[in-house]
Amino acid sequence: MDPSAIVASSLNKTFNTKTGLWKTKTKSTIAVEDISFNIERGELFGLLGPNGAGKTTTVKMLTTLLLPTGGTAKILGLDVVRQTAEVRRHIGFAFSGSRGLYNRLTAIQNLKYFAELYALDPAITRKRIPELLELVGLSQRGDDRVETYSSGMVQRLHLARALLHDPEVLFLDEPTVGIDPVGARELRQTIKNLISLGKTILLTTHYMAEAEELCHRIAIINKGRIVALDSPDALKRRISGDSVIEATIQTAQAHILMDRLRILDGKTVVELKNSTEPEKLCIRTPEPARVLELLSPYLNPQYIQGLEVRNQTLEDVYITIIQGEKE
Amino acid sequence: MIQSLVHSLRVYLAEAWLSYHGRFAITSPFGYIASKLGFPFFLMLFFIFMGKFVGYTNPLYIVIGNVLLIPAANGLGGVTLAIRDERQWGTLSYVLGSPAPRMPIFLGRAFYYILDGFVTALLGLAIAAGIFHLDLSQVNFLLLMVCIFLVAVTSSGLGFLFGSISLVSRDGWMITTTFISALYILVGVNFPIESLPVVLQKVAYGLPLTRGILAARLALDGAGWNAISRLVAGEVLVGAIYILAGYLCFRLIEKRSMASGTLDAI
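Sequences listed follow chains F and E, in order. If you count the first sequence from 1, position 89 lands on 89 in my numbering, and the numbers rise without skipping. If you count the second sequence from 1, position 24 lands on 1024 in my numbering, and the numbers rise without skipping.
Hints were generated in silico from the structure; no laboratory data involved. Positions of the beta carbon are idealized from the N, C-alpha and C atoms, including for glycine. Heads up, some of the hints might be wrong.
[Said to hold, decoys possible] The list that follows gives simulated cross-link-like pairs (lysine to any residue, SDA-like), each with its CA atoms no further than 20 Å apart: (1) K27/F - S1260/E; (2) K280/F - E246/F; (3) K18/F - A1014/E; (4) K192/F - E43/F; (5) K1255/E - N12/F; (6) K1255/E - A85/F; (7) K1255/E - T72/F; (8) K236/F - E212/F; (9) K280/F - T313/F; (10) K280/F - Q250/F; (11) K1255/E - E86/F; (12) K1255/E - L67/F; (13) K18/F - E1254/E; (14) K27/F - G1261/E; (15) K127/F - A1014/E; (16) K223/F - E174/F.
[Said to hold, decoys possible] Computed footprint of chain F on chain E, listed as stretches where at least three residues anywhere in the stretch have a Cβ under 8 Å from a Cβ of chain F: (17) 1008 to 1018; (18) 1084 to 1097.
With the sequences and hints as input, model every part of the structure.
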């Protein structure tokens, strides 16, 4: 048995849009460029990236909803272009947003309808629907019309629908968007439970903490290309500085502190975050002790009002990589 | 094979159930009757009074034409909306991303509208007969019902075609309503097709409804099966062509949308 649940090989997607009525002009936009990765069975793989990076396009190609312009993709060894119907039987997917359900129907009616599309045996449908509603915390609202649901409830119903036919591979596109913190935590726990049941999950998200908590491996995607792919810990180690020092400073004294830190070598990155109020000096460094020594004469409210030393987070890694790409 | 057929049948019935629930199951009886009978009834009255004004003595001609337009508008408008709404609701990706066979997904949308149009037309005829004291003594009721049902089915072919267009065009519904208005002129609802210019007569015979309405008028005069069989066969053929064209259009659009990424775009 192929250990890979999902294999993407040199996937490409270019969108051509035509403008003008008579003299039409075709504009090509590369949404995904030469993307390759393998996701093993039972793995939770995260796809991170800014808006328009190509995350959803990648998911749509893998879920057979979009034809790649080039490259190949296989789910459980099945080609997403040539064995579409087979692939669809083995995957479940849920996109974020309030659309995608029949709002005039109840949650149970929606699930019954989709159960028919997936050719589920009526006896299995009768058993699974209450189980899934329980799993996503909608047992009490199963008979209510979806139009009365909050966006978080809709999101959870999307997940229940994706799980109806008990697929081996799940694609979740920003599943916790619009859900309150408690609901999001419950949903993350549900996702962890699914992994313990042996499901393979590809998750896209904007929330770094969520990716760090859930994902075994993460691919950071920018402008259609994968710019980093590793485990969250390995990604964090990859960035030059081992520690982050954030100093809350008096704006007028910023240049003095910046000058003081200039003697450090190129491995230390000093950045003034003047978009925040009060301003913050963000120092990424492999020598936190040396930085603190340099700043110690200024540790008084006239210069530095607060100081925090912490390890790199996935967010630091993400921002460093994406900003590096911009430059 | 049998398993596949059973699945197709289940998908067809699920689609039929969905099109009913999604649209009318929550409407109040008043809202339902108003939407089904209100508009066609007042339009029929308009044509009857206009007919009287220009010298028509028997309103039955106008009544039957307009009554037959009720299932036609249902089949055309309802089916168009049933397909178009999938795009608006963002459900198309989930429906087409399932392994369900496409033909029953597509055809199931019409089931409820055909039944609904058929029943509403019969109701409309009964009301009009009561109000205008129509003489129905000659009518071959069985064949008339066959004709009404046939028109409801064949007009859904137009609905499939326009519904498919609605998946890629924002103007799909506007095109459909314009076309429904054109049917009042083209298919012999209020006056014989022979009154139309020759070019429009040819257009009329290329549309569903035309032969169905002619057959219904013959049934109204008490004609038997032999007299209307050719018209019925022609209506079936034209309707089947439109249903097939709608389905092929739907599949073509599905394939193109998968290439262009416009499956759920509005």
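Cross-check of the supplied hints:
Using a Cα cut-off of 20 Å, the hinted pair K27/F and S1260/E holds, with the two alpha carbons roughly 13 Å apart. With a C-alpha separation of about 6 Å, the suggested pair K280/F and E246/F falls inside the 20 Å cut-off, and the hint holds. For the hint linking K18/F to A1014/E, the alpha-carbon distance of about 38 Å lies beyond 20 Å, and the restraint is violated. At roughly 11 Å between alpha-carbon atoms, K192/F and E43/F fall within 20 Å of each other, so this suggested pair holds.
Our distance criterion of 20 Å between C-alpha atoms is met by K1255/E and N12/F, whose separation comes to about 18 Å. A C-alpha spacing of about 14 Å is found between K1255/E and A85/F, which places the hinted pair at or below 20 Å, so the restraint holds. Straight-line distance between C-alpha atoms of K1255/E and T72/F comes to about 18 Å, which keeps the hinted pair within the 20 Å bound. Between K236/F and E212/F the CA atoms are separated by roughly 10 Å; this keeps the pair inside 20 Å, and the hint holds.
The hinted pair formed by K280/F and T313/F meets the criterion: a straight-line CA distance of about 17 Å does not exceed 20 Å. Simply put, K280/F and Q250/F have alpha-carbon atoms about 9 Å apart, close enough for the 20 Å limit, and the pair holds. Proposed proximity of K1255/E and E86/F is supported: the alpha carbons are some 17 Å apart, at most 20 Å. A C-alpha spacing of about 9 Å is found between K1255/E and L67/F, which places the hinted pair at or below 20 Å, so the restraint holds.
The suggested pairing of K18/F with E1254/E holds, with an alpha-carbon distance near 19 Å, which does not exceed 20 Å. Restraint check: the Cα-Cα separation between K27/F and G1261/E comes to about 15 Å, which is no more than 20 Å; the hinted pair holds. Restraint check for K127/F and A1014/E: the C-alpha separation of about 19 Å stays at or below 20 Å, so the hint holds. As the CA atoms of K223/F and E174/F are separated by approximately 18 Å, the hinted pair is consistent with the 20 Å bound.
Counting residues of the region 1008 to 1018 of chain E whose CB lies closer than 8 Å to any CB of chain F gives 6, which reaches the minimum of 3, so the coverage claim holds. For the region 1084 to 1097 of chain E, the stated coverage by chain F holds: 8 residues have a C-beta nearer than 8 Å to a C-beta of that chain, and at least 3 were required.
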